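J.: With chain F held as given, fit chain H onto it using these hints.
Top line first, the protein sequences correspond to chains F and H.
Quick note on our numbering: the first sequence kicks off at 1 and runs consecutively.
Quick note on our numbering: the second sequence kicks off at 294 and runs consecutively.
Simulated from the structure, these hints should not be mistaken for lab results.
Treat the hints loosely; a few may be bogus.
Capping the alpha-carbon separation at 27 Å, the derived lysine-lysine pairs in DSS-like fashion look like this [as the list claims (entries may be wrong)]:
id, chain 1, residue 1, chain 2, residue 2
1, F, K8, F, K244
2, F, K10, F, K244
3, H, K639, F, K150
4, F, K10, F, K63
5, H, K420, F, K70
6, F, K70, F, K8
Here are a few chain H residues that sit away from chain F, every Cβ distance over 10 Å (derived from the structure) [what the hints assert, rightly or not]:
id, residue
7, I300
8, I327
9, V386
10, I601
11, W607
12, F636
Label-pair restraints from in silico Cβ distances [claimed, not checked]:
id, chain 1, residue 1, chain 2, residue 2, range
13, H, L333, F, L116, 26 to 36 Å
14, H, W305, F, L116, 26 to 36 Å
15, H, T319, F, G146, 25 to 35 Å
16, F, E57, H, F622, 53 to 63 Å
17, F, G146, H, V315, 26 to 36 Å
18, H, I327, F, L116, 21 to 31 Å
All figures in this text were calculated on a predicted structure; none of them were measured in a lab.
Yeah, the Cβ is synthetic: ideal placement off N, Cα and C, and Gly gets one too.
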Amino acid sequence: MTLLTASKVKHYFGGLCAVSEFNLELQAGELMGVIGPNGAGKTTIFNLITGVYRASEGSIQFKGTELVGKTPHQITALRIGRTFQNIRLFRDLSVLDNVRIAHYAQSDYSPLEALLQIGRYRREEQRIIENSRRLLAIFHLEAMVGETAKNLPYGLQRRLEIARALAIGPELLLLDEPAAGMNPNEIDLLMEFIQWIRKEFNLTILLIEHQMKLVMGICERLKVLDFGETIADGTPEQIQNNPKVLEAYLGRGQSDEWGGRRFGRYPAGCARSGGHLRWHQGVARGFLLGRQR
Amino acid sequence: MKNSAYIETREWLAAQRWLLPVLILTGFGLAFAIPEYGLLNKYVQLVIMYVGINIILATSLNLVNGYMGEFSLAHAGFMAVGAYTSALLTMKVLPVADYPGLFPLAVLAGGLVAAVFGLIVAVPSFKTRGDYLALITLAFLMIVKSLIENIDAIGGPRGIPGIRKLTTLPWVFFWVVMSIWVIRNFVYSKYGRGVLSVREDEIASDLMSVNTRRVKFLAFMLSSFFAGIAGGLFAHVLQFISPRVFDIIKSTDILIMVYLGGIASLGGSILGATVYTVLLELLRPSNFAALVSWLPDALFEPLNQYFIQHLGVWRMVIMPLALVLVMIFWPRGIMGLREFRWFIPKRDLDAHQHHTEHESRHDASHRQ
Numbered sequence: 001m002t003l004l005t006a007s008k009v010k011h012y013f014g015g016l017c018a019v020s021e022f023n024l025e026l027q028a029g030e031l032m033g034v035i036g037p038n039g040a041g042k043t044t045i046f047n048l049i050t051g052v053y054r055a056s057e058g059s060i061q062f063k064g065t066e067l068v069g070k071t072p073h074q075i076t077a078l079r080i081g082r083t084f085q086n087i088r089l090f091r092d093l094s095v096l097d098n099v100r101i102a103h104y105a106q107s108d109y110s111p112l113e114a115l116l117q118i119g120r121y122r123r124e125e126q127r128i129i130e131n132s133r134r135l136l137a138i139f140h141l142e143a144m145v146g147e148t149a150k151n152l153p154y155g156l157q158r159r160l161e162i163a164r165a166l167a168i169g170p171e172l173l174l175l176d177e178p179a180a181g182m183n184p185n186e187i188d189l190l191m192e193f194i195q196w197i198r199k200e201f202n203l204t205i206l207l208i209e210h211q212m213k214l215v216m217g218i219c220e221r222l223k224v225l226d227f228g229e230t231i232a233d234g235t236p237e238q239i240q241n242n243p244k245v246l247e248a249y250l251g252r253g254q255s256d257e258w259g260g261r262r263f264g265r266y267p268a269g270c271a272r273s274g275g276h277l278r279w280h281q282g283v284a285r286g287f288l289l290g291r292q293r
Numbered sequence: 294m295k296n297s298a299y300i301e302t303r304e305w306l307a308a309q310r311w312l313l314p315v316l317i318l319t320g321f322g323l324a325f326a327i328p329e330y331g332l333l334n335k336y337v338q339l340v341i342m343y344v345g346i347n348i349i350l351a352t353s354l355n356l357v358n359g360y361m362g363e364f365s366l367a368h369a370g371f372m373a374v375g376a377y378t379s380a381l382l383t384m385k386v387l388p389v390a391d392y393p394g395l396f397p398l399a400v401l402a403g404g405l406v407a408a409v410f411g412l413i414v415a416v417p418s419f420k421t422r423g424d425y426l427a428l429i430t431l432a433f434l435m436i437v438k439s440l441i442e443n444i445d446a447i448g449g450p451r452g453i454p455g456i457r458k459l460t461t462l463p464w465v466f467f468w469v470v471m472s473i474w475v476i477r478n479f480v481y482s483k484y485g486r487g488v489l490s491v492r493e494d495e496i497a498s499d500l501m502s503v504n505t506r507r508v509k510f511l512a513f514m515l516s517s518f519f520a521g522i523a524g525g526l527f528a529h530v531l532q533f534i535s536p537r538v539f540d541i542i543k544s545t546d547i548l549i550m551v552y553l554g555g556i557a558s559l560g561g562s563i564l565g566a567t568v569y570t571v572l573l574e575l576l577r578p579s580n581f582a583a584l585v586s587w588l589p590d591a592l593f594e595p596l597n598q599y600f601i602q603h604l605g606v607w608r609m610v611i612m613p614l615a616l617v618l619v620m621i622f623w624p625r626g627i628m629g630l631r632e633f634r635w636f637i638p639k640r641d642l643d644a645h646q647h648h649t650e651h652e653s654r655h656d657a658s659h660r661q
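This is chain F alone, in the form it adopts within the complex (with noise of 0.2 Å):
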């Protein structure tokens, strides 16, 4: 069954073309990637999918239903769940309430019932603990509920993220960049841990990611882009051999770098995109500086 099916989706900043012709069609179960390089358009995807902006152009569709001109929170309750590239937590609240939120469209009581505590307050109000804390023991993050979620360290800031998206109940799930970050173990960690949490959850996975080691060891199909356009779509090894692909990420002459963790500091696709620097990686993390048009 196909769950998701975005076809001649155009997105424009102003006169910038940000995402054109983007096509995809997520078959229910499967995991996919999409990769390229910074400024590619990835996160853009993500954000016209759940609604964020509003496509310009083509239209995006979630189990037969448009997503194009719904709103985020309308999206989000159809039960499609997500994550952001630069942790977005409610920092201030309790992991607990971090959870709680994310139930707002499953739980049902109208504001009156809210005011007056009355008729299904306090039976959903209960569901919503017993869920949340449910979720939470999962992540074994149950020792921290009543913690405030800025304090927790930057691993567990990235598990609560996830948690959270479960917590709508999602079909299908958004990971943008669950790797940025972490070192070379805690990605096999990850690795281990979206295949679980697929597994356990029945989810669909669309996720955004830059360390190619997460890309190639996870995902079943993979989605390039570069400059907003799709360059490459087919199976991981597929994509290693792409010549297009090869380019875009590393100017030519590099593919024998293509698919470790370490590339060259300063790839020849440097010169490619008018002397810019476009793909930087340091030895140790993984950290991106942003490419310049």
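T.: For chain H alone, kept in the frame of chain F given last:
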């Protein structure tokens, strides 16, 4: 560091939740007894009523300025709407002379009309955020004021004199309890958590399925509803209302109470409103003179001559100065982002406890 005896007492007190209903009932009893048996003089009774009204104003404004993290200056405007609505009802429509029991209806109507105005203000306001929202609410305040000034049927700039004194201590107490209870219920519901998440990160909140527009509207309407209630009570204490009563200074007063008490805290608003109202009263010349009358004459006389006689002016210096000092040295106010545990629903407190870890920690401390 705070000593353990203090912490133990505090923890013990927090666990005695049955005390809260007892205190409320006692308060009700006192509210009936004080005017009935003249336990306190009329002036003190009046101050207590002002404290109550200001508590309603501060808690309701805290909903927008604290929990939601926006900056609304319109609170005095909603108060004016409630005051005029209820005053006109008790003077011209409802036969309160024969049926004083109709007074709460008038107050309620004031609150409802204020809530409708809240909705009207919210529509353009929530298209923007931050400074712009503050400006729109300021504009609303000015519009309400000049609207009232220009409608002769409701007294224009002269206002409405001769309102019946219908606000009594029990009614003030009732509305204080109601407003705190209702706002607390809201804050600890999914809508209230939605409001908090909007303050933290509106886009993330939307993407966690919170209908941000709806929760913002609800919070704003609830806030203006209780401002209207407070306005209705206020009109029937003061017995005279005019547009000048509800100007920007009134809004500022309420803001000071909120920030003095601490944002996003009901307990804070109660403390802030009480402290501020009582301090302002103490700075009245007669009160202040009584306060420092123990000083030797050599000190008291010059103080009286140069300071106390001109306290009306000095008040306007002292209170803003106090606010500046609070902001610098105590930026979170008395209770900023904290709450009396009695106000937090038991369900919420329990949910935030990690039982097994708590117990094991307890065991560990025993073993040592």
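J.: Now look at each hint and say whether the structure bears it out.
T.: Each hint, compared with the structure:
For a cut-off of 27 Å, the pair hint linking F/K8 to F/K244 stands: about 21 Å separates their Cα positions. Of the pairs offered as hints, the one joining F/K10 and F/K244 holds, with about 22 Å between alpha carbons and a cut-off of 27 Å not exceeded. Restraint check: the Cα-Cα separation between H/K639 and F/K150 comes to about 24 Å, which is no more than 27 Å; the hinted pair holds. A C-alpha spacing of about 21 Å is found between F/K10 and F/K63, which places the hinted pair at or below 27 Å, so the restraint holds.
Distance hint between H/K420 and F/K70 is fulfilled; the C-alpha atoms sit about 17 Å from each other, no more than 27 Å. Simply put, F/K70 and F/K8 have alpha-carbon atoms about 18 Å apart, close enough for the 27 Å limit, and the pair holds. Against chain F, the non-interface label of H/I300 holds: every CB pair exceeds 10 Å, the least being about 17 Å. With a cut of 10 Å on Cβ distances, H/I327 stays outside the contact zone with chain F, its closest approach being about 29 Å.
With 10 Å as the threshold on Cβ separation, the claim that H/V386 sits away from chain F holds: the shortest Cβ distance comes to roughly 27 Å. For H/I601, the condition that its CB be more than 10 Å from all CB atoms of chain F holds, with the nearest at approximately 44 Å. Every CB of chain F lies more than 10 Å from the CB of H/W607, the least distance being 38 Å, so the non-interface label holds. Its beta-carbon lying about 14 Å from the closest one in chain F, H/F636 satisfies the requirement of being farther than 10 Å from that chain.
About 33 Å separates the C-beta atoms of H/L333 and F/L116, a value consistent with the hinted range of 26 to 36 Å. Between H/W305 and F/L116, the C-beta spacing of about 31 Å keeps the proposed range 26 to 36 Å intact. Evaluation of the 25 to 35 Å hint for H/T319 and F/G146 yields a pass: the beta carbon distance comes to about 32 Å. For the pair F/E57 and H/F622, the supplied restraint of 53 to 63 Å holds, since their beta-carbon distance comes to about 56 Å.
At roughly 28 Å, the beta carbons of F/G146 and H/V315 sit within the given window of 26 to 36 Å. For the hinted restraint 21 to 31 Å between H/I327 and F/L116, the CB-CB distance of approximately 29 Å keeps it satisfied.
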